[in-house]
Structures are given as C-alpha cells and as structure tokens.
Amino acid sequence: MLETIAEILRATIAVGLVTAGILAILVWVKNLTTKLSILRLFVQIVASTGIFVLLLFWPLPWNPIFSGLVYSIALRLTLVFAIILGSTLIFGRFFCGWLCPFALYMDLLTRLRKTLKIPYWNLPEKLNNGLDVLRYVILASFLALALIFGLLNADVWRYVIMFMGPFKSLIIVFLSPIEPLIEQIGGALGFEVWGASFHDLSGTINYFNGPELIQATWIVFFILTAAAFMVRLFFCRFCPVGATLSILNKSSLFKWAPILHIDKVEEKCTKCGICKRVCPVQVTEVYEEKGGNVTAPKCIHCFRCVEMCPYEGCLNIKMAGKTIYKSKNWLKEEEE
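The opening residue of the sequence shown carries number 2 in this note's numbering; numbering runs sequentially from there.
Watch out, some of these pointers could steer you wrong.
Stated by the list, open to error - Quick list of in silico lysine-lysine cross-link-like pairs, DSSO-like style, CA-CA up to 30 Å: (1) K127 / K277; (2) K329 / K269; (3) K127 / K115; (4) K31 / K127; (5) K127 / K272; (6) K327 / K269; (7) K329 / K118; (8) K319 / K269; (9) K31 / K272; (10) K269 / K323; (11) K115 / K329; (12) K323 / K291; (13) K272 / K118; (14) K323 / K36; (15) K272 / K327; (16) K291 / K327; (17) K115 / K277; (18) K319 / K31; (19) K319 / K329; (20) K291 / K127; (21) K277 / K323; (22) K269 / K31; (23) K329 / K277; (24) K269 / K36; (25) K31 / K329; (26) K319 / K277; (27) K291 / K36; (28) K272 / K323; (29) K31 / K277; (30) K115 / K323; (31) K327 / K277; (32) K291 / K319; (33) K269 / K291; (34) K118 / K323; (35) K329 / K272.
Unchecked claim - Now the in silico label distances, taken between C-beta atoms and shown as ranges: (36) G22 / V279: 30 to 36 Å; (37) L135 / E267: 18 to 24 Å; (38) P125 / I220: 23 to 29 Å.
Please keep in mind that the hints were generated in silico from the structure rather than gathered at the bench. C-beta: ideal position from N, C-alpha, C; glycine also.
Produce the entire structure from the sequences given, and follow the hints as far as they go.
As structure tokens, then:
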C-alpha cells in the first residue's frame with residue numbers, strides 16, 4: 002500500500018514539473034517564431050525520458066509461462082508499440098513530431114548544424130516521395146521476414162529485433178559499463194528493481210545481437226547520423242512507424258482519425274510559400290491545398306508551418322474541431 006502511494010506521489014510530482022515547464026515556456030518565450038519549437042523540444046526531452054524509463058527500467062509483473070528475459074523485452078516493446086499505435090490513431094503522427102526519441106536526436110543534429118552555420122540539403126521531390134513509399138516496403142519486409150522465416154528459424158529473430166531498434170542496442174552498449182550506477186540511482190529514487198530490470202534487458206539484447214549485429218548497428222547509426230546532419234529529419238521520411246496512420250485510414254472504421262490536424266483558411270493565404278520552405282520533411286500539401294482540413298501522409302505534426310505562417314489565423318491546429326493554436330502575424334509584432 003505504501004509503495005503504491007509513493008508511486009502515485011512520484012507520478013504527481015513528475016506531471017506537476019512537466020506542466021510547470023510548459024507554462025514557463027509559454028510565458029517566457031516572446032518570439033512567436035520560436036515559442037512552439039522550444040515547447041516541442043521540451044516535450045520531446047520529457048517524452049524520450051519517459052519512453053527510456055519504460056523500455057529499460059520500469060518494473061513489470063512476472064509471468065511464469067515465459068522466461069524472464071524474453072518476457073521482459075517482449076512486454077516492454079509491446080507497451081511502447083501500443084502507445085505509438087494508439088496515439089497515432091487518435092492524434093495522427095503527433096508521436097513522430099513531439100514524442101519520438103529518434104526525432105529528438107535528429108532535431109538536435111539540426112540545431113548543431115544551424116549553430117555551425119552549415120546549410121541543409123533539400124531532397125528532390127521525386128526522391129522525397131520515393132522515401133515515403135519506402136516506409137511501406139520496410140514495414141512489409143519486416144512482417145514478411147517475421148512470418149516466413151521467424152517460425153522456421155528462431156535465429157532470424159535476432160536480425161528482426163536488431164533492425165527494428167538499432168538505437169536501443171546502442172543505448173545498451175553505452176550504459177552497460179555504468180550498470181552498477183543505474184542500480185544505485187534507481188534505489189535512491191525508490192525504484193529498487195532498476196538494476197535487475199536493466200540487467201535482464203541488456204542480457205536479452207546482447208543475446209539477440211551478436212558481435213556482427215552490434216557492428217551493423219554502429220554502421221546504421223553513423224549512416225543515419227550523417228544523413229540527418231545534412232538532410233532535416235532524414236529518418237522520419239521513411240520510418241515505417243509513419244505508415245501506420247495511412248494504413249488505418251484505409252479502413253472506413255477510422256475515417257474520423259485523427260482528431261488532431263491542421264486547418265487552412267483559404268481566404269487568408271497569399272501563397273507566400275513560407276509553410277513549404279520551413280517544413281523539415283518537405284511537405285507541400287499545406288501550400289498546395291486550397292483550404293479546410295489539410296491531410297499529408299508525410300506530415301509529422303511538428304507544426305512548424307503554423308508557427309512560421311505570418312498571417313493571423315491562416316493556419317490553425319485543431320483538436321476535435323476546436324482550435325488550440327493558430328498562426329500569428331509575427332511580422333507586424335516585429336515592426337511594433
């Protein structure tokens with residue numbers, strides 16, 4: 002009973018700190034062209050930390066049917082994927098733009114490139130559209146590999162798991178040397194099971210990822226890092242997670258989804274093209290569509306277009322039909 006109360010108190014404090022951080026950003030940041038971006042960075046850091054704790058450390062109930070190692074990693078991955086699919090169904094690709102740790106990593110690379118004043122590369126439209134199609138090929142390949150070969154040869158699952166989460170393996174590589182510290186920190190925070198939980202998960206990943214796959218992980222990591230440094234949010238352009246919403250919307254049962262989207266007021270648009278230029282994944286639908294609900298499979302809901310649109314109320318972020326944020330005439334405010 003006392004442990005349950007302690008966990009509720011810790012969760013309440015965490016929610017309070019996050020809420021206070023969001024309010025502080027909204028009050029502190031005066032520049033309308035950066036307010037939403039800074040808020041998004043803050044939410045990304047908080048969300049990535051939460052996913053990191055859930056995936057690596059959060060205590061899970063024991064199931065005697067499965068071995069501890071396999072059950073540990075399977076249930077954690079199931080929880081993470083359930084969060085991704087559920088949030089994507091309801092909020093569109095909000096997870097991609099605001100919650101995904103991969104997107105945070107690539108955003109940090111973008112900020113580093115800006116600091117070094119290195120120009121980015123825009124991909125040709127055909128290549129960018131081709132990467133969008135590639136996400137479906139990757140997703141289909143994973144499913145086919147799992148269904149066709151996974152049942153015949155269990156060792157193939159090592160490759161499937163490795164390529165589904167290369168950065169997860171890198172986390173284990175980086176954190177394994179400080180495993181004793183993880184146990185001490187967890188104990189200090191009231192999570193005594195962190196050490197054992199991390200040990201189980203790291204052992205599972207090391208089992209699935211032999212030396213040759215760890216090397217392949219590093220190669221994938223460096224390739225994606227180099228590409229993301231020069232091309233904004235490179236991985237987001239063909240990440241298979243982004244295919245989930247489009248697939249769900251093919252069914253008439255999910256035509257209502259998502260409830261979070263961008264709405265455009267045609268009468269206020271001057272076709273200045275700013276929305277198209279600032280989009281980190283080169284979405285063109287916001288510029289091209291006349292008005293109303295803007296749907297774009299490549300859109301990751303970062304809302305940079307809404308933030309940078311210089312016309313009051315031209316672009317609006319709507320949730321369940323209610324406007325929660327709209328473009329501001331920041332040019333006029335700068336003049337004043």
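K319 paired with K31 [C-alpha distance capped at 30 Å]: This hinted pair holds, its Cα atoms lying about 23 Å apart.
Restraint check for K319 with K277, where alpha carbons must lie at most 30 Å apart: It holds: about 20 Å lies between the C-alpha atoms, which stays within 30 Å.
Pair hint K127 and K277, alpha-carbon separation not exceeding 30 Å: The given pair, whose Cα atoms are some 16 Å apart, holds under the 30 Å limit.
Restraint status (C-alpha distance of K118 to K323 at most 30 Å): violated (39 Å)
Holds or violated: K319 to K269, with C-alpha atoms at most 30 Å apart: It holds: about 17 Å lies between the C-alpha atoms, which stays within 30 Å.
30 Å limit on alpha-carbon distance, applied to hinted pair K329 and K269: holds (12 Å)
C-beta pair L135, E267: status relative to the range 18 to 24 Å that was hinted: violated (33 Å)
Satisfaction of hint between K272 and K31, Cα-Cα up to 30 Å: holds (26 Å)
Restraint status (C-alpha distance of K31 to K127 at most 30 Å): violated (38 Å)
Given pair status - K277, K31, alpha carbons within 30 Å: With a Cα-Cα distance of about 24 Å, the restraint between K31 and K277 holds, given a limit of 30 Å.
K269 paired with K291 [C-alpha distance capped at 30 Å]: holds (11 Å)
Distance restraint between K31 and K329, which requires alpha-carbon spacing of 30 Å or less: At roughly 12 Å apart (the allowed maximum being 30 Å), K329 and K31 satisfy the hint.
Consistency note: the structure conflicts with the earlier hints numbered 4, 30, 34, 36, 37.
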